[in-house]
Amino acid sequence: MPLLEIRNVSKRFGGLLAVNNVSFSIAEAETTFIVGPNGAGKTTLFNLITGVIHPDSGSIYFQGQEITHLSPDRAARRGIGRTFQIVKPLRNLTVLENVMLGAFQHTSSLAKASEESKKVLQFLGMSHVMHLPCLGMPLPMLKRLEIARALATRPKLILLDEVVAGLPTAEALRLAALLKRLPEWGISSIGGVEHVMQVVMRTADRVVVLDHGTLIAEGKPQEVVRLPQVIEAYLGPKYKELGL
Amino acid sequence: MNFYALLQAVLNGILTGALYGLIAMGMALIFGVMRIVNFTHGAFLMLGMYVTYVLFQAAGMNPYVGFIGAGLFLFLFGWLTYAGLLRPIRGQADFMVILLTMGLSLVLIDAVQLIFGADYHQINIALLSKNVRLGPQISLNAPWLVSFALALLLAFALYFFVMHTMFGRAARAIAQNRYSAPLMGINVNRVQGVTFGIGAAAAGIAGGLLLPVFYLFPEVGNQFRLKSFVMVVLGGMGSIQGAALAGLVLGVVESLTSLYWGNEWALAVDFAIFILVLSLKPNGIFGSQRV
Amino acid sequence: MKRWQLILAGIIFVVAVFLPLVIRTDYTLQVLFRVFLFAALGLAWNLVGGYTGQLSLGHAAYFGVGAYGLALFAKLGVNPWVALAIAVILALVSAAVIGSVSFRLRGPYFALCTIAFAEVVRLIVKNLPNVTGGDVGVQVPLLFPTSTIRSFYYAALGLTMIAFGIIIWTERSRFGYYLMAIREDEETALSVGINTPRYKLLALLISAAITAVGGALYASLFLYIVPDQVIAMEISTEIAIVAMLGGAGTALGPIVGSGILETAAELFKNIFQEAHLLIYGALVILVVLFLPEGIVGTLSRKLHFFGKAPTAPLTASPLPGAKEEAERVSAE
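Going line by line, the protein sequences match chains A, V and C.
Heads up: the first sequence at position 160 corresponds to 160 in our numbering, and the numbers run straight through without jumps.
Heads up: the second sequence at position 266 corresponds to 266 in our numbering, and the numbers run straight through without jumps.
Heads up: the third sequence at position 173 corresponds to 173 in our numbering, and the numbers run straight through without jumps.
Worth double-checking, as some hints may not be accurate.
Pair ranges (Cβ atoms, derived) [unchecked claim]:
(1) V:L128 / C:V78: 34 to 40 Å
(2) A:L139 / V:R190: 42 to 48 Å
(3) C:V136 / V:L114: 27 to 33 Å
With a Cα cut of at most 20 Å, we get these calculated SDA-like pairs of lysine to any residue [unchecked claim]:
(4) A:K119 / A:T107
(5) C:K2 / A:M130
(6) A:K119 / C:R174
(7) C:K2 / A:R91
(8) A:K220 / A:R202
(9) C:K126 / V:P88
Honestly, the hints are just simulated from the structure, not real lab data.
Just so you know, even glycine gets a beta-carbon here, dropped at the ideal spot from N, CA and C.
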C-alpha cells in the first residue's frame with residue numbers, strides 16, 4: 001500500500017487552475033521531489049496534502065485512509081509534517097523551544113520534549129544554537145529549524161517546500177545529504193524544488209514534474225530530466241531536441 | 001401593521017441611512033487603504049458637530065453651509081492625527097491602533113467637555129419646523145431631507161474621487177498592495193495622510209449635517225462609532241460602495257426595529273446582524289477587502 | 001520565566017497580606033481593592049490576550065455575567081456563593097459561544113467581534129427590565145457576612161494570587177507553549193499538530209471564569225449594579241490596558257500595570273477632577289507610542305534575560321498565513 005496517494009486532485013483559484021487533475025503516489029521510506037518552474041503548483045499541492053486548503057475535486061489518501069478534507073492540525077497528527085517555503089520560526093522562542101513544539105505531539109512533559117528535541121537538533125547539527133532565540137538567525141539555520149521542528153513530530157511523511165531555496169550550494173548539498181538519511185528512520189519525504197537540480201539528482205529516488213498545474217512526467221531523476229516535455233517546460237520549446 | 005407607518009419608517013430609515021453611509025464610507029476608506037480600525041471616528045463626528053455649532057453661534061452661519069468648515073477642519077485634524085500618532089505605530093498589531101484611537105477619543109471628548117461643558121445644546125433654524133408631505137400619511141422632516149440630499153451628493157463625490165482620480169487610484173493601489181505601491185512612485189505616506197484626512201472629514205461633515213436634528217453633547221459620537229464599524233464590516237471592509245449601501249440598510253433596519261420593538265433594541269439588532277455576518281460571511285455582504 | 005518576576009510578585013503578595021494591618025482608612029483599602037481586582041482581571045485577560053495573542057476587547061461581557069449572575073440568582077433566593085458558582089458557569093457558557101464565533105476571525109475582526117458581543121450582552125441586560133431590572137439596576141447580595149472592605153480586599157488579593165498561580169503554571173506547561181505558538185504563528189502551530197481552536201477556547205474559558213468572579217466581587221462590594229456600569233466597554237479597555245501597561249505576555253505585568261494605572265486614575269480623579277479622562281486617554285496614547293511592551297516587558301528585554309520578548313506580537317504585524325500564501329503563490 002502506498003504511503004500517500006493523490007488521486008485526480010484539482011484546485012482552482014478564481015480563474016487560475018493551480019492544480020490540474022494530478023495523480024501520483026509515494027511509497028514508504030522514499031525520497032521524492034516535485035519539480036517544476038515557478039508557479040507550477042508545487043506549493044498548492046503541498047497545501048492540499050497538509051490540509052491548509054482543500055481540493056475542488058479528487059481525493060488524497062494517507063496510509064490507506066482518506067485525508068482529503070482534514071484540517072492541518074489533524075493531518076499533522078496523522079503523521080504528515082511540513083516545512084514552509086517562507087520560513088516561519090516562532091520568533092520569540094528559542095531554537096530548542098521551537099522544536100519542542102513539535103515534540104509535544106507525543107508527550108506533555110517539558111523534560112521529555114526537551115530531550116527529544118535535543119536529539120533532533122543534534123541530527124541536524126544545531127546543538128550549538130539550541131538556546132538562542134530565533135530572532136536574527138541566518139537563513140540556513142532557520143531552514144534547518146523548520147526541518148527539526150517537523151521531524152520532532154515523528155512524521156511518517158515530511159513535506160519540504162523549497163527547502164534549499166536561497167541557500168548557498170554547499171549548504172544545500174549538506175542539507176540534501178541529511179535528507180537522504182531520513183528513510184533510515186522510516187520517514188518518506190517529498191521535496192519541492194524549482195531549480196536546484198544538483199540536489200534533486202543526488203537525493204531523489206523519484207521525481208515528479210509539474211508544469212502549470214499538470215503532471216507532465218514522473219520517474220527516476222536521470223530519466224525524467226531527459227524527457228523532451230520536461231526540457232520544454234523548463235527551458236522553452238527551442239531546446240526540446242537538446243537531450244542531455 | 002399600518003402600511004403607511006411601515007412606509008414612513010422605511011423612508012425615515014433611508015434618510016438617516018444616507019448619513020450613516022457617509023460616516024461609514026469615511027471609515028471604510030481609512031480601513032481599506034490603511035487597515036486602521038479607527039475608534040476616533042465618532043469623536044471626529046462630534047468635533048465636526050461642534051465646529052458647525054461654533055460657526056452657527058459665532059458667525060450665524062447656517063449649518064448647511066457650515067458643514068464645509070467642519071469638513072475642512074477635520075481634514076486637517078485627521079491628517080495631523082495620522083502623521084503624528086498613527087504613522088509612528090504603523091508596524092504594530094491592529095490592537096495597538098485600536099487602543100490608541102480609543103485613547104485619542106477619550107482625550108477629544110474630555111477636552112471638548114472642558115471647553116464647552118457637558119450640557120446638551122440644540123440649535124434652532126427656520127428649516128427645522130418645515131415638513132414635506134407626501135400625501136396625507138407620510139411626512140418627512142425638511143432638515144433630514146436636506147442632509148439626505150447633501151450626504152448623497154457627497155457620497156457620490158467621494159466615490160467618484162476614489163474611483164476616477166489619480167489620487168483615488170493611488171489610494172486603491174496602496175489598499176491592494178502596500179508593498180508594491182511605493183515602487184510605482186506613490187508617496188505612500190502622503191496618500192495615507194490625505195486619505196485619513198478625507199475619512200475624518202467625512203465624519204466631520206456628517207456631524208455638521210446632523211447638528212440641526214440632533215442634540216449636541218460631548219459623547220454624541222459614541223453611538224456612531226460602533227455603528228460605523230458594523231456598517232463597514234457589513235459592506236466588506238474597505239469597500240466604500242458596500243459601506244454606503246450598508247449604511248442605508250442599517251438605517252432602514254433600525255427604523256423598522258424601532259417601529260416594531262422599540263428604540264432601545266435598535267442598537268442590539270445592529271450588533272446581532274454584525275455578529276451574524278461575521279460568523280457567516282466574514283468578508284461582508286458585498287464582498288472582499290478592496291476599496 | 002524570569003526569576004526576578006517571581007520574587008517580586010512574592011514580595012508584593014506578602015506585603016499585601018499585611019497591609020490592612022497598617023492601613024486604617026477604608027478609602028485606601030477600597031483603592032487597593034480595585035488595584036488587586038484589576039490585577040486579577042488583567043492576569044485573566046493576559047492568558048487569552050498576552051499569551052495566546054487573542055486581544056479581546058469584550059471581557060466586560062464575562063465581568064457583567066459574573067456580576068448579574070450573582071445578583072439575579074441571589075434574588076431568586078439562592079445562597080450567594082451558589083449564585084456565584086452559577087454565574088461562573090454562565091460565564092463559561094458565554095465564553096464558549098463568543099469564542100466559537102470570534103476565534104474564527106483574524107486581526108481587527110476578532111477585536112470588533114468581541115466588542116460586539118459585549119455590547120449585545122449589555123443591551124440585552126438593559127432592555128429586559130423585568131428580568132434584570134434594566135437601567136434601574138438590581139441589588140447584589142453581600143458575599144461576606146461582615147461588610148468590611150477588608151474582606152473584599154482579601155478576596156481580590158486571593159483572586160489575584162490564584163490567577164497569578166495559573167499563569168505561572170501555564171508558562172511552564174505544554175499548554176503554555178501551545179498558547180504561545182498560537183500567538184506567534186497559528187499556521188505553524190497547526191502544522192505541528194496543535195489543535196488551535198481547542199486551546200484558544202480553553203484559555204478563554206479559564207480567563208472568563210476568573211473575570212466573572214471578579215465581576216461578582218465588584219458587584220457585591222457596591223451592593224447595587226446597573227448595566228452601563230458593569231458591562232461597559234470602558235471596563236473591557238481598562239482590563240486590556242492594565243495588562244498592556246504592565247506588559248502583556250508577562251506574569252508580573254498585569255499586577256504592576258494595575259498598581260500604576262488604578263492608583264494613577266484615582267489620583268487623577270482627585271487632582272484633576274474634570275480632566276481625568278483626558279489624562280487617562282493621554283496615558284493610553286503614550287503607552288501605545290512609547291511603551292508597547294509594557295513596563296515589565298520592556299524591563300525584561302533591557303535586562304537581557306535570554307531575549308524573550310513576550311509582547312513582540314503586539315508590536316509586529318503578522319506575516320501572511322499559509323492560506324493567503326497559498327493563494328498568493330498560486331496566483332503568480
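Checked hints:
no. : hint                        : verdict
1   : V:L128 / C:V78: 34 to 40 Å  : violated, 53 Å
2   : A:L139 / V:R190: 42 to 48 Å : violated, 35 Å
3   : C:V136 / V:L114: 27 to 33 Å : holds, 31 Å
4   : A:K119 / A:T107             : holds, 15 Å
5   : C:K2 / A:M130               : holds, 19 Å
6   : A:K119 / C:R174             : holds, 19 Å
7   : C:K2 / A:R91                : holds, 18 Å
8   : A:K220 / A:R202             : holds, 11 Å
9   : C:K126 / V:P88              : violated, 40 Å
Hint compliance for this structure: hints 1, 2, 9 are not met, and every other hint is.
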